[in-house]
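**Student:** Please model the complete structure; the sequences and the hints are all you need to start from.
Chains as they are written, first to last, in full-length UniProt numbering: chain A, 1 to 258; chain B, 1 to 326.
You may find that some hints are simply not true.
For the chain A half of the interface with chain B, some residues (derived, Cβ under 10 Å), not all of them [what the hints assert, rightly or not]:
| id | residue |
| --- | --- |
| 1 | A81 |
| 2 | R91 |
| 3 | E101 |
| 4 | L102 |
| 5 | N107 |
| 6 | C114 |
| 7 | V127 |
| 8 | A131 |
| 9 | R134 |
| 10 | L167 |
To be clear about the criterion: a stretch of chain B counts as covered by chain A if any three or more of its residues have a C-beta under 8 Å from a C-beta of chain A, and this derived list gives those stretches [what the hints assert, rightly or not]:
| id | segment |
| --- | --- |
| 11 | 198–206 |
| 12 | 213–227 |
Only pairs whose alpha carbons sit at most 30 Å apart, straight line, appear in this in silico DSS-like list of lysine-lysine [said to hold, decoys possible]:
| id | chain 1 | residue 1 | chain 2 | residue 2 |
| --- | --- | --- | --- | --- |
| 13 | B | K307 | B | K321 |
| 14 | B | K321 | A | K146 |
| 15 | A | K146 | B | K307 |
Read the hints as simulated data drawn from the structure, not as lab findings.
Note that beta-carbon positions come from the ideal geometry of N, C-alpha and C, so glycine has one too.
Each chain, written out:
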Amino acid sequence: MHVTGVEAPAPLLKVDGLAKRFGGVVALSDVSFELEEASIHTILGPNGCGKTTLFNVIDGSLRPTAGRVEFAGQRIDGMTAARIARLGIARKFQVPGVFGELSVAQNLETALACHGGRYGVGALLRVRPDAVRRDELADLCGLSAKLQVRVSELAHGEKQRLEIAMLLAGDVRLLMLDEPTAGMSVTETEAVAALVRQLRDERGLTVLIVEHDLHFVRSLAEPVLVANEGRIIARGDYETLRHDPRVIRSYLGEGADA
Amino acid sequence: MIGAKREGRTGLIATGLCWIILCGVGVLVDDWLLAQVAIYLCYGIFAMGLSLIWGQAGILSFGQAIFFGAGAYGFAVATLDMLPGTGTGILTGLVFAVGLATVLAWALAWLTFAGRGLSGAHFAIVTLCAAAVVEIAVTRSGFLGGYNGLFGVAPFTWGGEMIAERPMYYIMLGVAFAVFLGVTAIVRSPYGTVLEAIRDDENRVAHLGYETRRLKTVAFVIAGALSGLSGALFAAQFGFVSPSLLGFALSTQVLIWVAVGGRAVPLAAMVGALVVSGAENTLSNTLGDLWLLVIGVIFVVVVIAAKNGLFGTLFRLPPPKRLRKT
Ligand SMILES: Nc1ncnc2c1ncn2[C@@H]1O[C@H](COP(=O)(O)OP(=O)(O)O)[C@@H](O)[C@H]1O
Ligand SMILES: [Mg+2]
Chain A
1 MHVTGVEAPA PLLKVDGLAK RFGGVVALSD VSFELEEASI HTILGPNGCG
51 KTTLFNVIDG SLRPTAGRVE FAGQRIDGMT AARIARLGIA RKFQVPGVFG
101 ELSVAQNLET ALACHGGRYG VGALLRVRPD AVRRDELADL CGLSAKLQVR
151 VSELAHGEKQ RLEIAMLLAG DVRLLMLDEP TAGMSVTETE AVAALVRQLR
201 DERGLTVLIV EHDLHFVRSL AEPVLVANEG RIIARGDYET LRHDPRVIRS
251 YLGEGADA
Chain B
1 MIGAKREGRT GLIATGLCWI ILCGVGVLVD DWLLAQVAIY LCYGIFAMGL
51 SLIWGQAGIL SFGQAIFFGA GAYGFAVATL DMLPGTGTGI LTGLVFAVGL
101 ATVLAWALAW LTFAGRGLSG AHFAIVTLCA AAVVEIAVTR SGFLGGYNGL
151 FGVAPFTWGG EMIAERPMYY IMLGVAFAVF LGVTAIVRSP YGTVLEAIRD
201 DENRVAHLGY ETRRLKTVAF VIAGALSGLS GALFAAQFGF VSPSLLGFAL
251 STQVLIWVAV GGRAVPLAAM VGALVVSGAE NTLSNTLGDL WLLVIGVIFV
301 VVVIAAKNGL FGTLFRLPPP KRLRKT
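**Tutor:** Here's what the structure looks like:
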């Protein structure tokens with residue numbers, strides 16, 4: 001099982017004793033877990049339990065108060081968000097992080113242009129981002145026919161898909177998705193679950209997902225981390241955890257079967 | 001999509017026509033007026049620099065006159081032989097002027113974009129204060145002529161003779177055209193796209209792997225260098241420099257030109273500078289203080305109702321080929 005990780009090779013992501021306080025608010029306390037390469041994990045937990053904060057600390061948006069984060073054997077806490085992104089951690093924001101004033105083509109270009117270490121001004125003035133790759137990504141999010149449309153005019157689901165396509169532009173190894181199915185229909189939710197599995201199977205991506213939608217978690221059928229009050233309180237597969245009294249008390253009790 | 005294509009083509013035609021008309025102005029207009037328009041072209045270059053940082057990257061600077069003034073004073077000080085080793089050469093003067101503005105812009109960017117950087121409103125306030133401080137400092141500087149400024153700045157010469165109004169106009173037009181081509185090339189490159197993305201959501205751009213501070217600094221320095229160039233060209237034609245060239249008032253004026261013209265399109269920003277400063281010159285005589293009211297109202301209306309300004313839509317070029325449908 002993933003839980004112990006004893007037989008597994010070195011983990012891709014290792015979070016150790018992570019804590020984050022905002023003044024008096026303890027958003028994370030002593031969070032430790034490891035993710036092995038090409039695994040998918042979902043973090044479940046009530047609102048305000050620190051899931052987004054955990055993402056913020058891992059991707060360099062925030063510095064932890066204590067603890068460390070290692071990615072592919074390298075310590076990354078304290079690095080800038082840009083540097084962490086270039087190492088191969090891509091994060092999807094809870095609010096779609098697309099550029100509304102730009103066209104779909106420009107959004108994809110922004111995601112593609114820094115590919116291959118060419119993120120300086122000199123390179124950006126000369127580089128012509130890979131058009132073939134651009135079209136592949138446009139296909140992936142189903143927006144090939146809308147390349148010149150302003151992103152603010154897209155439907156919510158289209159923005160979500162565009163953002164995921166943008167995250168896949170570079171050499172991603174760890175994909176972090178913060179509530180990727182929020183506001184989606186059941187069919188769209190299942191499509192995201194299928195896409196996530198496909199990315200893991202075909203590209204060997206490691207995926208960490210924050211999700212409220214239990215239907216999604218169940219259809220994904222991958223291990224779950226249960227968070228509560230800034231801690232990871234349980235880890236395992238959903239069907240087992242569903243009956244774990246601690247988990248029921250903290251979260252799943254509120255209508256796990258709804 | 002066909003409509004969008006048409007719009008782009010109109011922009012291309014309007015852009016071409018605009019430059020042809022400006023060439024024609026050099027033939028049709030009398031020397032006195034031509035000298036005026038040549039000065040407005042300095043403002044136009046200044047405006048294109050601001051359009052790069054404000055229109056493209058969303059960096060609202062209230063201190064651009066610092067760099068315009070640095071260029072003007074730099075050129076004056078160098079060509080008036082007030083510094084050791086610069087001589088009185090025009091070219092040395094220009095290099096010194098642009099260099100000074102570039103260094104100042106870099107220093108201001110280094111200070112203000114440090115760490116997580118100042119937010120938009122804070123950046124505006126800091127640049128505003130910087131402009132006020134620089135203006136006061138120069139007013140108090142005896143070396144720079146204090147309140148009166150410096151007189152007798154050398155005009156451009158050719159073979160020992162002062163260049164006449166008409167050729168001077170075409171020189172200015174040539175420089176403006178080169179700046180237009182340069183800024184347009186930047187705006188249309190992937191770097192331009194990323195600057196635009198920074199305007200939209202800087203944090204998100206950083207999360208894609210870009211060092212946004214560096215990207216913004218380079219844009220700010222380019223705009224500063226262009227401001228310095230326009231200030232030097234202004235000083236050479238105007239013949240004297242004074243503290244008002246680097247203060248709060250001119251910093252605000254250039255913002256108005258660019259907002260009224262259309263901040264996201266370099267040529268629109270330039271035409272905004274030409275039209276508003278031209279109108280100011282003719283109308284402020286007849287309207288007096290009412291002019292301030294008129295330009296104020298136009299500014300407010302444009303800011304609220306027309307983000308593209310008066311000419312932004314007219315001069316919008318079709319998107320570069322690589323961003324059109326394959
Ligand atoms: N930037 C911040 N400043 C202050 N408090 C914050 C900040 N971000 C999150 N918090 C607090 O930390 C706690 C965890 O929030 P968050 O990580 O957003 O929860 P979740 O994503 O699980 O809903 C909440 O109490 C929230 O108010
Ligand atoms: Mg959250």
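**Student:** Would you mind marking each hint as holding or not holding in the structure?
**Tutor:** How the hints compare with the structure:
{"no.": "1", "hint": "A81", "in the structure": "5 Å, holds"}
{"no.": "2", "hint": "R91", "in the structure": "6 Å, holds"}
{"no.": "3", "hint": "E101", "in the structure": "5 Å, holds"}
{"no.": "4", "hint": "L102", "in the structure": "6 Å, holds"}
{"no.": "5", "hint": "N107", "in the structure": "8 Å, holds"}
{"no.": "6", "hint": "C114", "in the structure": "5 Å, holds"}
{"no.": "7", "hint": "V127", "in the structure": "6 Å, holds"}
{"no.": "8", "hint": "A131", "in the structure": "6 Å, holds"}
{"no.": "9", "hint": "R134", "in the structure": "8 Å, holds"}
{"no.": "10", "hint": "L167", "in the structure": "8 Å, holds"}
{"no.": "11", "hint": "198–206", "in the structure": "holds (count 7)"}
{"no.": "12", "hint": "213–227", "in the structure": "holds (count 3)"}
{"no.": "13", "hint": "B/K307 with B/K321", "in the structure": "25 Å, holds"}
{"no.": "14", "hint": "B/K321 with A/K146", "in the structure": "15 Å, holds"}
{"no.": "15", "hint": "A/K146 with B/K307", "in the structure": "24 Å, holds"}
In terms of the numbered hints stated before, the structure departs from none.
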